[in-house]
Amino acid sequence: MSIDSLTPGSALSHQEQRNIARQLVLALFASGTLILGLLWRGLAPEQVAVADVLLGVASLMVGIPLLRHAFYSLRHPSLHGITDQLVALALLGSWATGDLLTAAVLPLIMTVGHILEERSVMGSQEAIEALSKLTRSRARRVDADGNLQDIDNQELVAGDVVEVRAGDRLPADGRVLDGQASLDTAPITGESVPLEVKPGMEVYGGAISLDGRLRIEVTRTGETSTLGRVIALMQSAEQASPPITRLLERHAARYLLLVLLIAASTWFLTQDNQAMLAVLVAACPCALVLSAPATSVAGLTVAARHGILIRGAAFLEELAELNAVIIDKTGTLTHGKLQLHALRPQAGESPEVLAALAASLGATSSHPVSRALVSIAPQSAWPPLENVREHQGLGVSATTAAGEACLGRPELLTIRVADIPPEPLHDGPIVGLTLAGRFLGWILLADSLRDEAPDAMAQLRDLGLQQQLLLTGDRETVAQRIASSVGIEQVIAGALPADKLHQVRVQIDNGFRPMVVGDGINDSLAIKAGVVGVAMGAGGSDIAMASADIVLIGGDLRRLGTCVRLSRRCRRTLQINVMIGLGWTLVIVAAAFGWLGASGAVIAAILHNMSTLLVLGNAGRLLRFEERI
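Numbering follows full-length UniProt numbering, in which position 214 of the sequence shown is assigned residue number 214; successive positions increment by one, without gaps.
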């Protein structure tokens, strides 16, 4: 059986699974025939011909499929094919020398070993299959007449509106149009705490609605959805190779020729057929070939489980070497949305009246400042408005039961009230409110810091990323305040996209290997230029996510530390696996000197499979990686 079909990360088709089943049945029959031949040889030594026939039949059962795969690898060269070719040569050598016992045992051991390898990588396959199941569900699509159609979620397209009820799995990525609910997003973002969603929020396919009813507009489906991208990346992980494997791939033909020369030299010097056959078997590079893909698949599986989308194993390796971080402010260290910072009512004025009137006026405008005011008071407290008028760039005015109300900048307010108090000192936007000719107070807004941001930056410093730079297009005072809150000493404010790109290049030219973290279109150039670019998946722009090497699906900054820790764990695992693969050369030496004994080829085959399973088992330990944050 070819090792090509057993590479970690490759999804097995039903035909391949049937082939594995047939190989297993064949191996069982060959084992029975082999045992019968050995018993016949021991119990009836005078009937050696009958024993040889049984051993020959057992050899043909498992040897012919092996020869077929070896012939296929000659027409389609690959590093994996070297294993089939070397074992096939050893099998032909056993037949040529009349060693029917070795000719039966050798391919049988290799076949059983390949089947065990397949079982060893099932953890990764099951992880991919589990994620794939999340993409398959039913959906209630709302048609033009408002009726619900029960369809397969694969039929959905962007722009469709679906209804999700309590207990349903979200059929695709989308935006909430109506309703409120708690979502279990653990399969997607790794978050154990349910996410409370309301109109306007982005949601991911595969999450489960725990309560409530939602109307969702579909934005991404199939391979373009968050889950689809995770699955595609995990399935392509086998393409990654460590430097030693890439070296062997470039020199595969020379490697095969070298092994043949060593085997021929061994036979010429020792006249020992078993030593020659042992060299051919021991030279099979399975452990080395599997070391990188097995580690990569395990690492990407764990990353996906923690809500981290890594575009390839190469970036997983790069993370381990980082020593600096360049991070954006708005939407990255902060939520990227204006929120109420403080109410400053005039003496004798009610804060509740100030908030309710400001929210009602704010709901009439699409300006970011106005939108931020909508949530500062419950809608039930909003006073009714008439004759609403928006003053471009200045504010909003309207008529209420108590008189004319005006919300906006001082330039607009002074038209209604002559004596406006001076604006309070504040880094963010400030708006004032007047009603019936009197000034009610100031409303201070600000972009709030993410709760986890200080801890996330401290974790990165503990991991050796001491060089930290806050790079933002915002004002110097705002940038300095945010930087001091998270422990960043270097700040560059007022930076345009080209300036951000320049600063990343300066850091690299100075010998640093920076992780660049951002969320907006203006960050995309810098993200692309970094050694590793990271985009915020929650609220991040599509361009930034397309430019990034890593996407934090849930937007939790503490996942940055998880990325680095996981990468370093993967690097240690890969180094051990490569050492196991390279250490196999000692077996080649032992085989060449005949130290493996009279059954050298069989012993080499057993040791070969043990080393391969050891590599896969070591990589499988990564799947137990857990990090609670």
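It is possible that some hints are incorrect.
Straight-line distance between alpha carbons at most 20 angstroms, and here's what the computed DMTMM-like set of lysine to aspartate or glutamate pairs gives [claimed, not checked]: (1) LYS337 with GLU318; (2) LYS337 with GLU321; (3) LYS198 with GLU223; (4) LYS337 with ASP211; (5) LYS528 with GLU318; (6) LYS337 with ASP509; (7) LYS198 with ASP211; (8) LYS528 with GLU321; (9) LYS528 with ASP427.
Read the hints as simulated data drawn from the structure, not as lab findings.
Status of each hint after checking the structure:
1. LYS337 with GLU318: violated, 32 angstroms
2. LYS337 with GLU321: violated, 33 angstroms
3. LYS198 with GLU223: violated, 26 angstroms
4. LYS337 with ASP211: violated, 27 angstroms
5. LYS528 with GLU318: holds, 14 angstroms
6. LYS337 with ASP509: violated, 34 angstroms
7. LYS198 with ASP211: Holds - the C-alpha atoms of ASP211 and LYS198 are around 12 angstroms apart, at most 20 angstroms.
8. LYS528 with GLU321: holds, 17 angstroms
9. LYS528 with ASP427: violated, 31 angstroms
Consistency with the previously given hints fails for numbers 1, 2, 3, 4, 6, 9, ordered from lowest to highest.
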